[in-house]
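Chains as they are written, first to last, in the numbering used here: chain A, 1 to 165; chain B, 166 to 271.
To be clear, the hints were calculated from the coordinates, so they are not data collected in a lab.
All C-beta atoms, glycine included, are put in the ideal place defined by N, C-alpha and C.
Just so you know, not all the hints are guaranteed correct.
Said to hold, decoys possible - Straight-line Cα separation of at most 25 Å, SDA-like style, residue types lysine to any residue; simulated pairs:
1) A:Lys101 to B:Asn239
2) A:Lys131 to B:Cys216
3) B:Lys233 to A:Phe70
4) A:Lys53 to B:Trp228
5) B:Lys233 to A:Lys101
6) A:Lys96 to B:Pro263
7) A:Lys96 to A:Lys54
8) A:Lys20 to A:Thr4
9) A:Lys54 to B:Pro263
10) A:Lys101 to A:Pro87
11) B:Lys233 to A:Cys67
12) A:Lys20 to B:Cys216
13) A:Lys141 to B:Leu188
14) A:Lys57 to A:Glu152
15) A:Lys96 to B:Lys262
16) B:Lys233 to A:Lys96
17) B:Lys233 to A:Ser5
18) A:Lys20 to B:Leu188
19) B:Lys233 to A:Lys141
20) A:Lys101 to B:Ala251
21) B:Lys233 to A:Lys131
22) B:Lys233 to A:Arg132
23) A:Lys82 to B:Lys233
Unchecked claim - A partial selection of chain A residues facing chain B, derived with a Cβ cut-off under 7 Å:
24) Pro64
25) Leu69
26) Ile73
27) Leu119
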Amino acid sequence: MKFTSAFILLFLPWLVLSGKYDPLHIGMGIICSTLVALWCKDLLFPNDHISFKKFSKRTIRFIPYMCWLFWQIVLSNIHVLKVALSPRMNDLISPKMVQFKTDVTEEISMFVLANSITLTPGTVTVRVEEKRFLVHALTEKAASGLPGESDEMERRIIKVFEKEN
Amino acid sequence: MEYAAFFFIVVGLIFFLGTSIGLLRFPDFYTRMHAAGKGDTLSTVLILAGCIFAVGSQGDLNWILALKILLIINFVFIGCPTATHAMMDAGERAGAKPWNKKGENK
Numbered sequence: 001m002k003f004t005s006a007f008i009l010l011f012l013p014w015l016v017l018s019g020k021y022d023p024l025h026i027g028m029g030i031i032c033s034t035l036v037a038l039w040c041k042d043l044l045f046p047n048d049h050i051s052f053k054k055f056s057k058r059t060i061r062f063i064p065y066m067c068w069l070f071w072q073i074v075l076s077n078i079h080v081l082k083v084a085l086s087p088r089m090n091d092l093i094s095p096k097m098v099q100f101k102t103d104v105t106e107e108i109s110m111f112v113l114a115n116s117i118t119l120t121p122g123t124v125t126v127r128v129e130e131k132r133f134l135v136h137a138l139t140e141k142a143a144s145g146l147p148g149e150s151d152e153m154e155r156r157i158i159k160v161f162e163k164e165n
Numbered sequence: 166m167e168y169a170a171f172f173f174i175v176v177g178l179i180f181f182l183g184t185s186i187g188l189l190r191f192p193d194f195y196t197r198m199h200a201a202g203k204g205d206t207l208s209t210v211l212i213l214a215g216c217i218f219a220v221g222s223q224g225d226l227n228w229i230l231a232l233k234i235l236l237i238i239n240f241v242f243i244g245c246p247t248a249t250h251a252m253m254d255a256g257e258r259a260g261a262k263p264w265n266k267k268g269e270n271k
């Protein structure tokens, strides 16, 4: 199971990146993907209890989250552009460090949460230790949107990754 | 197609300009990383999307090339926030003090 998924994960990018479909190139791709998948499958998938069904369900639920995240990225870029170009920049910003504890438990959801915080308007993740997040916020308003105070993003991530069934 | 390519690349460049100006104008390390980490992601994605359309406008749409660019977009999407993150963490460990309104640059 682990080997198959690692092989597919390596072989599909090979097909896309090589762009040549004669026996020689595909053969080399199969050999390389097999060897790397054999050696590195435990690195790619450290825990083996994830089933294919769970994985595909997560992937499907991840797509609407991606759309929401992309919209947030657009908003955050407009925000940065506005602050960077305003002549009275120092009045607009009041940076501060914020610490909070998160409810998400799995590693993948913590990774997604950290990267989402970085990509949403006015906040950047500085450090993640155990379940404590250290976040730098550009404005008071941005700090109030963090999971410590309002849990919209956290709720979405839990919905995507941790809800069973 | 041509207009879509034009639109995406110009918008991407505007965001890149904003990022660069922000990088120069913000008061301290952390706020500068705000500008760098966010602007980079979206503007790179937009410019690469513009490249897909630019290739498409030249007659035959090359699907393999479009897929390759999509792979790059995917990588930028994951890599950019992670790199920002690593630099913020390194700065915090090295003892960079966050700027605040009262004690200018302390």
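Check the hint pairing A:Lys20 with B:Leu188 against an upper bound of 25 Å on the C-alpha distance. The given pair, whose Cα atoms are some 42 Å apart, is violated under the 25 Å limit.
Next on the checklist: Checking hints one by one. Is A:Ile73 an interface residue toward chain B, by the C-beta closer than 7 Å rule?
Outcome noted: With Cβ-Cβ at 5 Å, under 7 Å, it holds.
Within 25 Å, alpha carbon to alpha carbon, are B:Lys233 and A:Lys101?
39 Å, violated
Compare the distance between the alpha carbons of A:Lys131 and B:Cys216 with 25 Å, and conclude whether the hinted pair is satisfied. 40 Å, violated
Point to revise | Hinted pair A:Lys53 and B:Trp228, Cα distance within 25 Å | key: 30 Å, violated
Point to revise | Hint consistency between A:Lys54 and B:Pro263 [alpha-carbon to alpha-carbon, up to 25 Å] | key: 42 Å, violated
Exercise. Please work out if B:Lys233 and A:Lys131 have their alpha carbons no farther apart than 25 Å.
Key: 36 Å, violated
_Need the status of pair B:Lys233, A:Lys96: alpha-carbon distance at most 25 Å?_
Judged against 25 Å, a Cα distance of about 40 Å means the pair is violated.
Is B:Lys233 within 25 Å of A:Ser5, Cα to Cα?
-> Holds, because 21 Å separates the two Cα atoms, which is no more than 25 Å.
Just to be careful: measuring from the Cβ of A:Leu69 to every Cβ in chain B, is the smallest value less than 7 Å? 9 Å, violated
**Asked** Keeping to a limit of 25 Å between CA atoms, is the pair of A:Lys96 and B:Pro263 held or broken?
**Response** Distance of about 7 Å is within 25 Å: holds.
Check your understanding: Taking the least C-beta to C-beta distance, is A:Pro64 closer than 7 Å to chain B?
Key -> Violated - the Cβ of A:Pro64 stays beyond 7 Å from chain B, reaching only about 16 Å at its closest.
Violated hints for the displayed structure, listed by number in ascending order: 1, 2, 4, 5, 7, 9, 10, 16, 18, 19, 21, 22, 23, 24, 25.
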